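Novice: Respectively, the protein sequence lines represent chains Z and P. Each residue of the first sequence is one higher than the one before, counting from 1 in full-length UniProt numbering. Each residue of the second sequence is one higher than the one before, counting from 1 in full-length UniProt numbering.
Be aware that one or more of the hints could be misleading.
The list cannot tell twin chains apart, which means a pair is met if one copy fits it or any two copies do.
[Said to hold, decoys possible] Below 27 angstroms or equal to it, Euclidean Cα-Cα: the simulated DSSO-like pairs (lysine-lysine) are:
#	residue 1	residue 2
1	K178	K211
2	K509	K39
3	K36	K9
4	K408	K470
5	K36	K470
Bear in mind the hints are in silico, worked out from the structure with no lab data behind them. The structure presented is a predicted model; accordingly, all values stated were derived computationally and were not measured.
If you want the building blocks of each chain, they are given just below.
Protein chains: 2
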Amino acid sequence: MASTSSAAKPKAIDLSHHLNELSRSRVPSPLKDIIKYMKEPGMISLAGGLPHPDLFPFAEITATSYVPDVDLRSTSGEDIHSTLNFSIPKNVSPSHQNTLSAALQYGTSYGSANLSSFIREFTSRVMNPAYSDFEILLDSGNTDAWNKVVNILCEFGDYILVEEHTYPSSQAVWAPMKCIGVPISIDKNGLIPESLHDTLKNWNNTHPGVKRPHLLYTVPVGHNPTGSTLSLERKKKIYEICVEYDIIICEDDPYYFLQFPPYTLRPSSSETQKTAENPVAFDRQAYIESLVPTFISLDVQGRVIRLDTFSKTLGPGNRLGYFVCNPLFAERILRATEVTTQSPSGLSQALVEGLLTSWGQDGYLRWLSGLRDSYTSRRNWMCEIMAETFDLLPSPQNITDDVVAVQKGHASTKDTFPYFSFSFPKGGMFLWIKLYLAHNATYQDLKTTSSSGAVATAKWAEAFWMDLIKEKVLLVPGSYYTPIVGNNERMIQDSDVVFFRVAFSYETKEEMKIGIERMAVVIQRWWNGEASA
Amino acid sequence: MASTSSAAKPKAIDLSHHLNELSRSRVPSPLKDIIKYMKEPGMISLAGGLPHPDLFPFAEITATSYVPDVDLRSTSGEDIHSTLNFSIPKNVSPSHQNTLSAALQYGTSYGSANLSSFIREFTSRVMNPAYSDFEILLDSGNTDAWNKVVNILCEFGDYILVEEHTYPSSQAVWAPMKCIGVPISIDKNGLIPESLHDTLKNWNNTHPGVKRPHLLYTVPVGHNPTGSTLSLERKKKIYEICVEYDIIICEDDPYYFLQFPPYTLRPSSSETQKTAENPVAFDRQAYIESLVPTFISLDVQGRVIRLDTFSKTLGPGNRLGYFVCNPLFAERILRATEVTTQSPSGLSQALVEGLLTSWGQDGYLRWLSGLRDSYTSRRNWMCEIMAETFDLLPSPQNITDDVVAVQKGHASTKDTFPYFSFSFPKGGMFLWIKLYLAHNATYQDLKTTSSSGAVATAKWAEAFWMDLIKEKVLLVPGSYYTPIVGNNERMIQDSDVVFFRVAFSYETKEEMKIGIERMAVVIQRWWNGEASA
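Only chain Z is shown next, with the shape it has when bound in the complex (with noise of 0.2 angstroms):
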């Protein structure tokens, strides 16, 4: 997608009256001045309490990392290195800053002018926000992004709209602040639009006296646990409705660079599969067009706060991602920031902003094309796990996910009945199982000595995953995504049927195999009447 000029696209309106009362209150500190002047040429500063850079004690760091193009799937260990090298001369004024005495000192809220360059021309050239003056401001990763975001827009009490599974994380942020979710409807193509709109439209209703919501928080691409991605027609659906609703769109998205083509099962050739295995020469144009566009790219109004990170692309331990939002939004977040984290470490800003340099635009998509390959890898081994573990059917119509997983060599028995359902990511590190307790007879056993359906659901889960752990395999249970519906209480999910995540991300193919291949004899012992609650 080619930059458009930005002359022609619309500013951001005035969204001010979303800002919550402690984020109106909140004043420039006045050491801005300070910074201001200190950079003026010729000045002595006695002002800051900055050390001199003689006083720290690296005089040199080096990083070695890998080229852009390096096939990341490799085994040779014949790796092409780059390496980025930054020192400091002794005995210079301190004004002449180099790279590392800068990321040694204090830095300023924004984060690195050149790395927020770098990270600007960057979203403009794949993303292309719709509206002209979007704001790029570093921040510590997605979590410190989400807290800041709910820390300007949320006052106590406040209805948050999320998806009916979402991340804990983010809950467990406005739960204290007595915040309350309102769960919309997702399936394995994400959020469901016409959920939003009814949940809106019928709020008077449902909701008499309440406020509405007016902040939206999703994980639009490999979505955080569903593994479901949003389509584009979607996207421009809610897009239209948070319009008409004036909701603000809070899409954080650190999946967007891994959203893989499509999984079939049992090809009739194997030819998907070869694709990730044998990636052709790199097509920057191809690689951007097979991304869905990001919410930023339809926002003529600035409403989407965007949450971009390097914690899945360049590691989590760096702590370093970036808003992309209106300037009224950035600022606020920027006082904010000033106050709290100030600034990412400045190591890890040199660090990557030495990377992503010296790789260049071009480079960076490489490098996450050949990243979205690796992890389209790790899908199909996961997929290709599940087929040998167990047998795979088309779903009947009434499972919405593409495949159930019957018993290994029942997939031809007429009295065969599902284990689990699940649907074949289209991008990020998840894949998400729902297993249907139907003709469980633990679970029928539970049924007629618990309260309610629910109640029994809960017990059978939670004695399953312990004996999961027992067996050393470890997935995250379904419930810990619930959406907390006030009082820190969680909205009470479908009986009958109990949901897993489980990550492709980490293991080794030996390793998943082996983790599924215990997840099954789990399955088999609990289905066979051999284990008990």
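Given the coordinates of chain Z, assemble chain P onto it according to the supplied hints.
Specialist: Leaving out everything else, chain P in the frame of chain Z:
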């Protein structure tokens, strides 16, 4: 100070009534369990969304650092280095973490266990906390840390005890929460216990029906901005008052290790300065004993939250510091950290941990002692330059500062008057000058046209500061440090006096001299009637 057995020490008392509603409402993240099980031997983790380390872009990072006994003031360039080297081998099970793969991966919110344990030993040896169950919790520097303290302890509208000149960024955290600063008097020896006691004793009379403050924010060593350092005797008195009135002390102590021997004005021999210029062999015990004990060393109850940071000792860009506090507060701060900053940068942690481990406990103390010597020299430079640029005289009785500065060559003139006074700092990075406007004609003119003396003072200070900037020397106006006493309004300051903060941490000696000479030029202009506001 030898570490005494912690068995003989009391445990922290229950201070849970100090927690605010937000903090009490925070529940642990369910993901905690996941982390616990991930660490079990033999576990296959399909749980966390952690990237496999093969997908990190850095293969190796090398840092060259100074040895701890390097002479930081040497200009020879003949420095001795030691080298840290971290690399990630390819194709290793992701559970076999090494330093670099751990640095680039998600870390726990406690921070690195090795680094924490180094700090715990260091704190026990050097600070010797007076209660046994203190905790160490890493953070992203003292600004982040103070924000977290306010966010667990303060309700909207709380009154907070602060020094009468106080760090603006610390106020900017609570000001939007409509909190109100309660200024406590300070002199060249720090916070005045009697002023604190009077404020608390008279609270119900001065503020009928208003909740008494329960939090004191203080910078006890090398105070920002006044440069004062609290004596042990005053610390003891303040601690006792805080026990009596159930006050939590937040000890923000970035300059703790930068405590200097006294500076003597025009010493008969130049011995004092010589000691610093030619350090003798390092005596660990003597260095530790030269430091005024911290509040935490007196803290038998666990009511001190100590904010320690590597910003002034290993570089602010690391964004790395730590809390020393009671287990209850540490746990609540940890819960907040999990959903905000998550953890400090893994790269910063790895480099600092590598450095400290290679140096060892005594090595780190040696480094700090060397740093203290460097800042002692810098303090001496600034004081000497002041003495070269002005005539410095012992203060008359009505001025509590160490010296007054008069026009050069006028020391013996009868009709001389002081431009300003200051005290020789015994720690930190700042010299705090107090200008006397009684003999300033411009100020007298302003007084006749202004609505009040305070307005005239503010106008004069602003115009004088702009003239300093025009002359290319940057100081920080003292008004920046005035407590906010409600509605973002600052306390009204005395008229006829104006403060400026002068840092000696950053510029070279030559630049300092030029800077102070430029200041002298501006002072001359303003007292000769050549300037106007």
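Novice: Could you run down the list of hints and mark each one as holding or not?
Specialist: Against the structure, the hints:
1. In this assembly of identical chains, the alpha carbons of K178 and K211 lie at most 27 angstroms apart whether taken from the same copy (14 angstroms) or from different copies (24 angstroms).
2. In this assembly of identical chains, the alpha carbons of K509 and K39 lie at most 27 angstroms apart only when taken from different copies (20 angstroms versus 53 angstroms within one copy).
3. In this assembly of identical chains, K36 and K9 lie within 27 angstroms of each other by CA distance neither inside one copy nor across copies; the values are 31 angstroms within and 50 angstroms between.
4. In this assembly of identical chains, the alpha carbons of K408 and K470 lie at most 27 angstroms apart only when taken from the same copy (23 angstroms versus 82 angstroms across copies).
5. Taking identical chains as interchangeable, the C-alpha atoms of K36 and K470 lie at most 27 angstroms apart only when they sit on different chains, with a minimum of 14 angstroms there against 60 angstroms within one chain.
Figure legend: structure checked against the earlier numbered hints; the only hint not met is number 3.
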